[in-house]
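**Student:** According to my numbering, the stretch in the sequence shown is residues -9 to 213, in order.
Be aware that a few hints might be false.
Cross-link-like lysine-lysine pairs, in silico, DSSO-like; alpha carbons within 27 Å at most [what the hints assert, rightly or not]:
#1 Lys(-1) / Lys50
#2 Lys140 / Lys64
#3 Lys90 / Lys104
#4 Lys50 / Lys77
#5 Lys52 / Lys22
#6 Lys166 / Lys113
#7 Lys64 / Lys(-1)
#8 Lys167 / Lys98
#9 Lys163 / Lys140
#10 Lys90 / Lys111
#11 Lys140 / Lys103
#12 Lys57 / Lys(-1)
#13 Lys22 / Lys50
#14 Lys113 / Lys167
#15 Lys90 / Lys77
#16 Lys140 / Lys104
#17 Lys98 / Lys166
#18 Lys163 / Lys120
#19 Lys90 / Lys179
#20 Lys167 / Lys90
#21 Lys163 / Lys74
#22 Lys111 / Lys140
#23 Lys179 / Lys167
#24 Lys(-1) / Lys22
#25 Lys50 / Lys179
#26 Lys103 / Lys74
#27 Lys188 / Lys178
None of these hints come from the bench; they were simulated from the model.
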Amino acid sequence: MDEQRLELKWTLLKEFVEICDNNHIWYSLDKKLLLYAINNVEEEIEDDFEVMMTFESYEKLKTLHSKFVLDNCKHNLYHSQQIKFQKDCENIEEEQPFIKINLLLPTKAVNVKKLFTTKYKMKNWACNLKLNSTVSHLIWNIPFFRWNYKQLINLIHEEIFEGFIVIGGTIDKAIKKTWIPNVNYQTKKVFYKNLYLKVFNEANVYLANIYDELLTKTSEEDN
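Let the sequences and hints guide you as you build the complete structure.
**Tutor:** Next up, the structure:
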């Protein structure tokens, strides 16, 4: 990743954090960014920057700063389930820095299993087609394949739940590793790369599921 683009991503993350802190919006770092921040890893992150939000906190962010968020309910040419925080959400074809927003949802195991039925595997496949292709436009014009993030939430979300999962852009079997038995929504701040960033209390359990091999390797190297 080139240095200028990386700097823009950090600037974007700083803006996201300031908006959330100033408006009491819940968030936590997610995936590799969460792992690096907790362990204060010095090397730069090559992967995309990711954060997680609850559905309610995302909707509050969207209400207050709609121009900075991109989702498939807002833009009729954007079909991915991956919500993004970026500077220009109107010109979705332009290559630009962004932060992935994943959703932390209370659910039941039976609901997660529904995602892997043929019906929803086909819908997910359609969501991840390339933007500018003849096939994608033909597919997206078929009502069956129109599937937005709110419909996905309705499928997953449960008030009486067994645990939590984190939903992002690609729904595959790896999503099962994001299962968290309980979340109390408490966060703590960590200082990383000159920013105070929030991480949720259950982060270590969560990361152990996702990055088990990486954490084991790191532990062995330290010894």
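**Student:** Each hint needs a verdict: does it hold in this structure or not?
**Tutor:** Quick rundown of the hints versus the structure:
no.: 1; hint: Lys(-1) / Lys50; verdict: 22 Å, holds
no.: 2; hint: Lys140 / Lys64; verdict: 11 Å, holds
no.: 3; hint: Lys90 / Lys104; verdict: 24 Å, holds
no.: 4; hint: Lys50 / Lys77; verdict: 18 Å, holds
no.: 5; hint: Lys52 / Lys22; verdict: 24 Å, holds
no.: 6; hint: Lys166 / Lys113; verdict: 18 Å, holds
no.: 7; hint: Lys64 / Lys(-1); verdict: 23 Å, holds
no.: 8; hint: Lys167 / Lys98; verdict: 14 Å, holds
no.: 9; hint: Lys163 / Lys140; verdict: 21 Å, holds
no.: 10; hint: Lys90 / Lys111; verdict: 21 Å, holds
no.: 11; hint: Lys140 / Lys103; verdict: 18 Å, holds
no.: 12; hint: Lys57 / Lys(-1); verdict: 17 Å, holds
no.: 13; hint: Lys22 / Lys50; verdict: 25 Å, holds
no.: 14; hint: Lys113 / Lys167; verdict: 21 Å, holds
no.: 15; hint: Lys90 / Lys77; verdict: 13 Å, holds
no.: 16; hint: Lys140 / Lys104; verdict: 16 Å, holds
no.: 17; hint: Lys98 / Lys166; verdict: 12 Å, holds
no.: 18; hint: Lys163 / Lys120; verdict: 21 Å, holds
no.: 19; hint: Lys90 / Lys179; verdict: 20 Å, holds
no.: 20; hint: Lys167 / Lys90; verdict: 18 Å, holds
no.: 21; hint: Lys163 / Lys74; verdict: 22 Å, holds
no.: 22; hint: Lys111 / Lys140; verdict: 17 Å, holds
no.: 23; hint: Lys179 / Lys167; verdict: 24 Å, holds
no.: 24; hint: Lys(-1) / Lys22; verdict: 14 Å, holds
no.: 25; hint: Lys50 / Lys179; verdict: 21 Å, holds
no.: 26; hint: Lys103 / Lys74; verdict: 26 Å, holds
no.: 27; hint: Lys188 / Lys178; verdict: 5 Å, holds
Hint check: no violations occur; every hint is consistent with the structure.
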